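Novice: With the hints as constraints, model all of the structure from the sequences given.
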Amino acid sequence: MKEEIIRKLDEVEEKYNELTEKLASPEVFQDHSLYAELSREQATLEPIVKKYRQYKETLKAIAEAEEL
35 MKEEIIRKLD
45 EVEEKYNELT
55 EKLASPEVFQ
65 DHSLYAELSR
75 EQATLEPIVK
85 KYRQYKETLK
95 AIAEAEEL
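If you read the sequence shown in this note's numbering, its first letter stands for residue 35, the second for the next number, and so on.
These aren't lab readings, by the way, just hints derived from the structure by calculation. Keep in mind the model is a prediction, meaning the values are calculated, not measured. Treat each hint with caution, since some may be false.
Here are the simulated PhoX-like pairs of lysine-lysine, each with C-alpha atoms no more than 20 Å apart in a straight line [said to hold, decoys possible]: (1) Lys49 <-> Lys84; (2) Lys49 <-> Lys85; (3) Lys94 <-> Lys84; (4) Lys85 <-> Lys42; (5) Lys42 <-> Lys90; (6) Lys90 <-> Lys49; (7) Lys36 <-> Lys85; (8) Lys94 <-> Lys56; (9) Lys84 <-> Lys42; (10) Lys90 <-> Lys36.
Label-pair ranges, simulated between beta-carbon atoms [unchecked claim]: (11) Glu101 <-> Leu68: 45 to 55 Å; (12) Lys42 <-> Lys94: 18 to 28 Å; (13) Met35 <-> Ala99: 11 to 21 Å; (14) Asn51 <-> Thr92: 26 to 36 Å; (15) Pro60 <-> Lys94: 28 to 38 Å; (16) Ile39 <-> His66: 13 to 23 Å; (17) Lys94 <-> Glu37: 28 to 38 Å; (18) Met35 <-> Ala77: 19 to 29 Å; (19) Glu55 <-> Met35: 20 to 30 Å.
For glycine and all other residues, C-beta sits at the position ideal for the given N, C-alpha and C.
Specialist: As structure tokens, this is what we get:
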């Protein structure tokens, strides 16, 4: 996969992780409108992040298989 695409996907994954952390904070949890906004944003990124993580796991499995 092209480096630029990988870089973008890494950024999306990082943003997803940041949103997950924010959603776990008590301050955000108490602000219902902010919580809803961040939840929506996280939900839009989730399918992309899941597929990207599957892709990385597949690459890892291929590399391990090639070592055999």
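Novice: Work down the list of hints and note, for each, if the structure agrees.
Specialist: Now the hints, each set against the structure:
1. As the CA atoms of Lys49 and Lys84 are separated by approximately 13 Å, the hinted pair is consistent with the 20 Å bound.
2. Using a Cα cut-off of 20 Å, the hinted pair Lys49 and Lys85 holds, with the two alpha carbons roughly 15 Å apart.
3. Taking the CA atoms of Lys94 and Lys84, the gap is near 15 Å; set against the 20 Å cutoff, the hint holds.
4. For a cut-off of 20 Å, the pair hint linking Lys85 to Lys42 stands: about 14 Å separates their Cα positions.
5. For the hint pairing Lys42 with Lys90, the CA-to-CA distance comes to about 14 Å; that is within 20 Å, so the pair holds.
6. Restraint check for Lys90 and Lys49: satisfied, since their Cα atoms lie roughly 17 Å apart, inside the 20 Å limit.
7. Note on Lys36 and Lys85: the hinted pairing holds, with a Cα-Cα distance of about 16 Å set against a maximum of 20 Å.
8. A hinted pair counts as satisfied when its Cα atoms are at most 20 Å apart, and Lys94 with Lys56 does not qualify at roughly 29 Å.
9. Between Lys84 and Lys42, the direct Cα distance comes to roughly 14 Å. Compliance with the 20 Å bound is thereby established for this hinted pair.
10. With a C-alpha separation of about 14 Å, the suggested pairing of Lys90 with Lys36 holds against the 20 Å cut-off.
11. For the hinted restraint 45 to 55 Å between Glu101 and Leu68, the CB-CB distance of approximately 46 Å keeps it satisfied.
12. The supplied range of 18 to 28 Å is met by Lys42 and Lys94, whose beta-carbon atoms lie about 20 Å from each other.
13. For Met35 and Ala99, the hinted distance range of 11 to 21 Å is satisfied, since their beta carbons lie about 19 Å from each other.
14. For Asn51 and Thr92, the hinted distance range of 26 to 36 Å is not satisfied, since their beta carbons lie about 20 Å from each other.
15. Between Pro60 and Lys94 the Cβ separation comes to about 35 Å, which falls inside the hinted range of 28 to 38 Å.
16. The supplied range of 13 to 23 Å is broken by Ile39 and His66, whose beta-carbon atoms lie about 36 Å from each other.
17. Separated by about 18 Å at the C-beta atoms, Lys94 and Glu37 break the suggested range of 28 to 38 Å.
18. Restraint check, Met35 to Ala77: a C-beta distance of roughly 24 Å satisfies the suggested window 19 to 29 Å.
19. At about 27 Å, the CB distance of Glu55 to Met35 agrees with the hint of 20 to 30 Å.
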